[in-house]
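Asker: Quick mapping for you: the protein sequence lines, in order, are chains S and L.
If you're matching positions, the first sequence starts at 47 in my numbering and goes up one per residue.
If you're matching positions, the second sequence starts at 20 in my numbering and goes up one per residue.
Careful, some of the hints might be misleading.
[What the hints assert, rightly or not] Each computed DSSO-like pair below joins lysine-lysine, with the alpha-carbon atoms no more than 27 Å apart: (1) Lys573/S <-> Lys33/L; (2) Lys33/L <-> Lys445/S; (3) Lys471/S <-> Lys445/S; (4) Lys600/S <-> Lys411/L; (5) Lys179/S <-> Lys107/S; (6) Lys471/S <-> Lys62/L; (7) Lys404/L <-> Lys471/S; (8) Lys645/S <-> Lys62/L; (9) Lys645/S <-> Lys33/L; (10) Lys33/L <-> Lys471/S.
It is worth saying that the hints were derived from the structure and are not from the lab.
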Amino acid sequence: MLETLLPILIFAALGLAVIGAWRRVRLWRQGRPSAVPLLKGLAAMPRRYLVDLHHVVGRDKVMSNTHVATAGGFVAAAVLMILVHGFGLAQGVLGWLLLAASAVMFVGSRFVARRRRNPPARLSKGPWMRLPKSLAAFSLGVFLITLPTVGLLPADFGHWLLALVLAAVVVWGLGEMVFGMTWGGPMKHAFAGALHLAFHRRAERFGEGNRSTGLKALNLDDEAAPLGVEKPADFTWNQLLGFDACVQCGRCEAVCPAFAAGQPLNPKKLIQDMVVGLAGGSDANYAGSPYPGKPVGEHVGSPHGPIVAREGKALVDAETLWSCTTCRACVEECPMMIEHVDAIVDMRRHLTLERGQTPNKGAEVLDNLIATDNPGGFDPGSRLHWAADLNLPLMADVKQAEVLLWLGDGAFDMRNQRTLRALVKVLRAAEVEFAVLGTEERDSGDVARRLGDEATFQSLAKRNIATLAKYRFQRIVTCDPHSFHVLGNEYGELGGPDFNANWEVRHHSTFIAELYDAGRLAFAPWKGGRVTYHDPCYLGRYNGEYEAPRNVLKALGIEVKEMERSGFRSRCCGGGGGAPITDIPGERRIPDMRMNDVKESGAELVAVGCPQCTAMLEGVVDAAAEVRDIAELVADALVARAAPEAVDASRRNAGKTAEEVI
Amino acid sequence: MAFDAIFQPIQIGKLTIRNRVVSTAHAEVHATDGGMTTARYVKYYEEKAKGGCGLCICGGSSVVSIDSPQAWWSSVNLSTDRIIPHFQNLADAVHKHGGKIMIQITHMGRRSRWDGYDWSTLLSPSGIREPVHRSTCKTIEEEEIWRIIGDFAQAARRAKEGGLDGVELSAVHQHLIDQFWSPRVNKREDQWGGSFENRMRFGMEVLKAVRAEVGDDFVVGMRICGDEFHPDGLSHEDMKQIAAYYDATGQLDFFGVIGSGCDTHNTLANVIPNMSYPPEPFLHLAAGIKEVVSVPVIHAQNIKDPNQAQRILEGGYVDLVGMTRAHIADPHIIAKIKMGQIDQIKQCVGANYCIDRQYQGLDVLCIQNAATSREYMGLPHIIEKSEGPKRKVVVVGGGPGGMEAARVAAERGHDVTLFEAAEALGGQITIAAQAPQRDQIAGITRWYQLELVRLGVDLRLGTRADEATLLDLRPDIVVLATGGQPFLSQFPEWGYSENPEESLVVSTWDVLSGKVAPGKNVLIYDAICEFSGVSAADYLADKGAKVEIVTDDIKPGAAVGGTTFPTYYRSLYEKEVIMTSDLMLHKVYREGDSLVAVLENEYTGALEERVVDQVVVENGVRPDEGLYYALKEQSRNKGQLDLEALYAIQPQPCLSEAGDGFLLFRLGDCTAPRNTHAAIYDALRICKDF
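Given the sequences, and given the hints that come with them, work out the whole structure.
Answerer: Next comes the structure, spelled out in structure tokens:
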């Protein structure tokens with residue numbers, strides 16, 4: 047009986063799956079066009095899956111092995127099942143292979159079940175709770191029905207009743223695994239995920255050592271294109287596809303600083319809301335952690351309805367979008383390679399450019415940028431005031447230099463001016479030939495862009511690009527990772543092919559490490575206390591620079607006491623993405639949490655490499671540790687290279703002396 | 020940005036100054052070796068530059084000629100080329116830290132002393148005596164005028180060759196240039212006096228000669244007063260006319276403006292306003308000058324606080340603010356503003372210890388910062404953490420000496436406990452601050468309070484430490500700064516008793532602290548003549564008492580400095596306090612409800628009586644030595660200091676000697692009654708090596 051029933055069931059499930067897939071594809075295609083090479087993408091998919099994706103999944107070994115067993119077992123079992131039971135090709139080794147595949151999958155399913163026994167808060171519940179049972183049903187069902195096929199059991203084993211039970215189990219398994227895959231069940235992730243990998247909007251992020259973190263430019267000259275994303279259908283189709291790939295594992299939620307601070311953002315929920323939006327409906331069925339302070343079930347959306355309501359509620363509230371610090375911790379952790387930050391900035395672009403609804407100080411900062419080319423609204427002529435006594439060479443005078451020292455807007459900030467002065471001291475100690483743009487420098491546009499004001503970003507960027515083109519230099523060095531990122535990763539799209547053909551951008555920690563390696567700097571031994579290092583998001587996750595700052599600290603004689611969350615898992619200071627400007631309230635402050643991380647490391651000093659991080663961490667009340675930029679630590683430790691014995695006692699001391707602070 | 024107005028660079032002539040804060044010219048009394056800017060001088064200014072000061076104008080009243088004596092106030096001598104290499108050291112030290120440095124140059128004319136050194140004959144336009152220095156002088160002759168004009172030019176050349184950034188011509192404080200300006204002093208009828216142009220001529224010739232000598236790429240400024248405050252002197256309108264006249268030459272790069280002339284004791288007190296003055300009392304005069312000139316205007320006088328400086332600069336009243344005493348109190352004030360450490364700034368309280376020493380020809384020191392002017396000796400403004408063992412340090416007494424000891428020990432990284440019997444820190448400062456016009460002295464305590472809390476010192480207020488409590492803490496070091504008590508028991512005839520019911524006399528502390536209610540008819544006997552007697556008189560008169568203050572010294576308040584006794588006198592005379600000198604307190608006895616004070620004339624022995632209802636005696640402090648002698652024998656060092664090490668600013672040898680038990684040091688009035696600075700200095704030099 048089963049021999050008759052099985053092919054019918056299998057092909058019925060496959061047929062329904064094809065219909066479901068077609069319906070799903072239609073949903074994705076509501077999005078705007080995006081030129082991705084389809085065939086090339088499909089060809090690259092297996093490698094992206096097996097290498098890039100598993101590199102992320104592999105950070106959790108148990109889960110990685112579980113997934114290999116379950117998914118690998120399933121894919122093999124499904125193919126073999128179609129051959130063996132669908133087409134009746136039971137001869138030879140195929141049946142045995144099917145037995146083995148389903149057995150492996152069954153083992154995997156047990157690990158999935160174990161994970162679901164006391165699931166962490168980040169995992170979505172709901173339909174996902176039945177998945178281990180469905181996996182077990184499928185694998186067990188397939189295993190059992192294959193036993194007679196390979197002759198381990200007699201063909202007429204058991205009663206018809208048993209056959210019926212078996213058939214039911216197989217139907218359950220097929221329903222979840224095949225039909226459910228395209229009709230919105232948990233297994234959707236496999237279908238959408240595979241295609242998402244193939245048609246990913248950042249193909250350049252795949253491959254060993256590659257990363258793609260710069261925001262993509264809006265074409266402001268295209269009058270037909272929307273300014274950002276107002277409704278789900280304003281996303282490109284492959285962005286919508288990407289949302290659909292979400293497996294609701296909640297790794298993003300677990301690392302999101304805004305979520306941890308109790309601000310109304312949960313990256314997983316946001317992606318799921320986009321899924322609700324692309325299909326239409328309410329978020330009532332969402333079975334994970336809500337946005338802090340926002341109950342589930344009160345928001346509805348549709349592909350062509352606004353995501354953020356002009357009045358009342360729609361799919362997502364604006365403050366959810368403005369809570370993001372753009373720290374990329376979610377993107378870094380996402381095993382499905384979803385680009386949360388792109389989506390958030392796309393939606394912010396609409397709010398800022400079309401509606402003028404940048405909250406709190408946002409509008410003021412953007413007005414300042416438009417009027418004065420800096421976010422603080424300072425007199426642009428005062429950018430070099432901090433260096434009035436340093437006689438810095440100006441590019442306008444010297445026209446060329448080995449290094450262009452990019453100041454960033456920290457030039458207007460008294461705290462960062464100390465870092466800049468320390469950096470100048472270091473450059474001079476190493477006899478680096480450098481110059482500054484002085485009042486020709488403008489804000490890099492980082493904040494404008496991340497607040498959604500693409501027009502102001504492009505205006506600033508184009509003028510900076512034109513200024514840079516006037517001079518000759520080999521390197522830009524900056525102590526601001528945001529400038530570093532924007533100059534290095536985001537100007538290229540606007541600056542034309544030869545824009546940065548003749549120079550590279552370096553974060554000051556990288557440059558100092560190079561100077562030290564070249565023997566151009568010498569340091570007195572470290573005499574301070576325990577030190578930890580805070581990775582700035584825009585240096586670490588955005589640009590992959592984790593080593594150089596640590597190498598500099600090591601050269602200073604400092605043994606870094608790492609925080610639990612460091613390197614690519616570093617916790618954001620809360621200062622990125624304009625978050626301190628939009629200032630969405632939460633239950634805690636992100637920098638307080640980060641300073642607590644510092645405290646737990648036992649460090650008395652936290653070394654940083656970013657003006658934003660410095661400002662945020664120093665803003666923590668009753669902090670247990672001192673905050674100092676790497677440049678300051680280096681400047682303090684400088685000794686003459688030739689005659690180390692000539693160093694006077696005050697220089698050797700690691701304490702703050704007035705000479706360094708002003 | 021907070022304080023952005025302060026941190027705006029400015030051009031003076033062709034020079035860029037990194038911010039708007041100036042340490043204006045003042046006499047440091049630090050130039051040694053015949054007026055050379057030697058190590059102490061250089062380090063004093065280097066510290067300010069290191070701390071971020073934009074411009075230092077050094078050398079108040081630095082002389083250009085040999086007949087303007089420099090030795091009285093150890094001022095800088097620009098009358099010889101010998102100064103040039105010394106200037107190079109000075110310039111390098113300041114430039115190294117990004118600061119700029121200029122020097123004030125002058126001829127003092129009649130405003131000096133003649134009775135010493137070269138026995139110079141002083142000069143002035145019309146030979147009129149100067150009262151503050153009791154200086155007589157001759158009428159200057161034409162030849163001397165031209166010689167001195169040439170001396171100015173040569174002095175400016177020496178400043179330029181020494182690498183300084185500019186010179187400030189002093190036409191203020193009644194120096195020779197403004198002696199010519201002022202019709203009060205200039206009665207000449209030749210081309211150097213009479214008409215406006217004639218009175219201006221000397222200064223104009225000086226300016227022309229200087230500019231011709233140094234050229235256009237060297238800053239030349241002029242310091243003037245905004246109003247002499249004498250009916251027969253130069254008014255504000257006169258000064259505006261003068262400033263505009265000189266400005267019109269286009270040869271001056273800046274003006275410095277000071278309110279008030281200073282050739283009487285009373286006007287002198289205006290020039291360096293003490294704590295009785297409001298903030299920036301003469302800013303309006305500088306602003307008036309700024310209205311009529313085309314170059315930057317600097318103004319100093321009671322600008323001590325960054326918010327005040329920001330407000331003045333933001334308002335555009337002047338272009339640069341002088342924060343000179345502010346820098347004496349804390350040469351790192353600018354760095355602290357930049358570091359956002361406003362609460363850590365040691366703010367000048369206007370005690371004028373610095374300037375009052377200067378007028379006596381003593382080196383300028385700060386009442387509350389013992390490191391100032393002692394940088395060359397190695398006394399630190401920033402106390403570095405010790406690399407030695409962490410020690411348990413117990414300080415007894417929360418007066419200035421005890422607070423400084425606790426601060427320094429805590430900065431060194433030690434575990435510090437401070438006992439203070441009173442409910443608040445401050446010791447005698449708290450009492451001193453009760454007098455009218457003297458409340459700001461409590462700023463000294465305020466800073467220590469903030470610092471001790473910041474440094475985590477265990478403050479046990481309202482707790483009198485005894486031997487057992489101290490030793491329970493198992494201290495490594497005990498510092499006693501327990502002060503003392505008013506010394507009323509010296510003469511039994513005064514009728515002092517420890518029982519307040521029986522005592523016929525009370526102390527100024529009793530009065531100022533409110534322990535004893537003010538009488539209605541009070542005799543104050545002041546054998547000390549420092550602040551406490553006149554403070555008590557001012558306090559009692561303020562409360563409505565009829566007060567007579569009697570001293571056996573030459574006058575009440577005789578030991579109060581030259582910029583402060585005038586402000587007391589203004590207040591005491593206004594309140595009709597009677598000031599009597601030359602009488603000793605012979606005896607006090609009770610008669611009915613009244614007290615009779617018998618006074619004896621020191622010179623005739625004649626007795627006279629006063630019938631009053633309260634007799635207040637100020638006879639100094641008797642050290643409180645009880646705890647010291649209780650601990651002395653148990654301590655490792657028997658409470659002794661190695662004086663050679665102490666005076667050489669070296670660590671006390673006992674600190675590095677091994678042994679059981681604790682080290683004992685005492686300082687301040689519990690050793691011998693001295694003053695606030697003495698207590699703080701001892702605390703710093705002893706504790707800096709803990």
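Asker: Hint numbers the structure violates, sorted upward?
Answerer: When the structure is compared with the hints, numbers 1, 4, 8, 9 turn out to be violated.
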